[in-house]
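Protein chains in written order, with the numbering used here: chain A, 1 to 117; chain B, 1001 to 1384.
For the record, the hints were derived by calculation from the structure and aren't laboratory data. Only a predicted model underlies this, so the values are computations on that prediction, with no experimental measurement involved. Cβ coordinates follow ideal geometry from the N, Cα and C atoms, glycine included. Worth double-checking, as some hints may not be accurate.
Here are a few chain B residues that face chain A, going by a calculated C-beta distance under 10 Å [what the hints assert, rightly or not]: (1) H1058; (2) A1187; (3) D1318; (4) R1330; (5) A1331; (6) D1332.
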Amino acid sequence: MRRILKQLNEAVGVKGSLVLTKDGIVVASHLARQLEEDVVAAMAANAIRATRKSLERHGLSDFARFTLVASHGKMVFTDTGPTFLVVVMDRNVALGPVDIEIESAAMRIRNMGKIRV
Amino acid sequence: MALVERLKRWRDIARLRRQVRANPSPATYAELAERLVALGEEDDAVGVADEGLERYPHADRLAHVRLFVKKGRLTGQIRKLREDLQRRPTPLAFAQLAQLYRELGSHDEALAIAAQGAERFPLSESSYLMQGEIRMDRFRRELIAKDAVIAEGALRQVLRLNSHNVTAHLRLAEVYHLVGMRAECTAHLREVMLLTPDAADVAEFLAADETAGPALPLEDPFEDRAGAVQSAAAFAGNPAQFPSPASGGDGPSAGAGAALDAPALRTAMAGFADHEGMRNAVLLDQAGKIVADHAATDAIARNHFAELVAEVRDAADDAARRMDQGSLVRADIEGPGMNLVVTRVRGLTIGVHFAEPMRADAAWEIVQDFTAHQLTAGREESDA
């Protein structure tokens, strides 16, 4: 899994990525120096949990992908079965080309089936 | 031949300009700006991109055009400085490189380089000053407490290394002014007066401050004051009153106080019904109240949708801020059979819920058009 993340991080503009279980435990991570793993994991898990809860409460289905564009960065949370793939990117990166890399990484993680910690 | 070619290009540009006037949208602005770049008219291209971004602040394509032109201009300097840093690193080269990235708007890159500079040359003030200034830029624009706290720490470090650094005194005074710590603000401004006795605007500010009575030191820590600014989404001290505003001081991104033309917004949002697949749309004001909305027959109840949009906005904004990625611009949620887009423009929140045959890029265009035609116009009217 780390190899998949390392490869994903080679895409232009990707600052880091990690794989989280749905209750927020980090399975694997590969983050740039300026990103703190604990903070990214905790905040991503919190955003995913809160959003899923809100969607459920209002009768909507669970999400497959959540893209967050902020003033200094972009983040994509992708459902990969028992886990979520979290990718943190530069604000100026065009999402289109990176999307292909993210989808490819997500598919490979999904195909890994079960998590080996 | 060259004349014919020039004429063709001129007609093409004129056609694109007409298209922008007749049908302004992120796409028409971007097409014109990109064509101008291709023709080497970079100043014009940046002008068009800036004009487009004024109307469509979240248009990525326009932001890319502007960045492309700026990068093109600065690439040579960046390459040279990077080579210098490889060969013979100096605190000045780190600071200059960080400044170039700051100009490009790549704050993360600039902060990372400044951090490297500080690590390599811990006794040089320039990297700390750069970190302090970038964080101040961000605090002024987005009112995020973490930026203020880091700025204050970095600026204090500058003064530990060189207590005569006027810029650091001035920026520290500014951050204290913005969080409402008058005593600390005036203390640093007095230092500025000692170092540069001719600073008339600072002297004026101090004189005006004295008339307001004695400034007593506050007991609550700086972090709490900065946190209060973030919670209230408003500075404790008026940024416009502060002397010598910094170059990055283009004010907070939230358009607090702009009057809204609610009936016009409701009419415009009712027009969302014309788009097949659009189920819900809502515009929330800064207090979270519904200003305008639209709900199709198979949609979520209006109050529930407003609640959902506010919850998604808060969760996404909180995550972005705590991850040090700035504040929320846009959140896209894709699920089986539904999509949700939540964005924030000038302190207002817009949310749309849609399904097939509506595509995500089409929904985003609709939201951007609504923003440009309704919110920008409303703001201009209120400013007039």
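Do the hints match the structure? See the list:
no.	hint	verdict
1	H1058	holds, 8 Å
2	A1187	violated, 31 Å
3	D1318	holds, 7 Å
4	R1330	holds, 4 Å
5	A1331	holds, 5 Å
6	D1332	holds, 4 Å
Of the hints listed earlier, the one the structure fails to meet is number 2.
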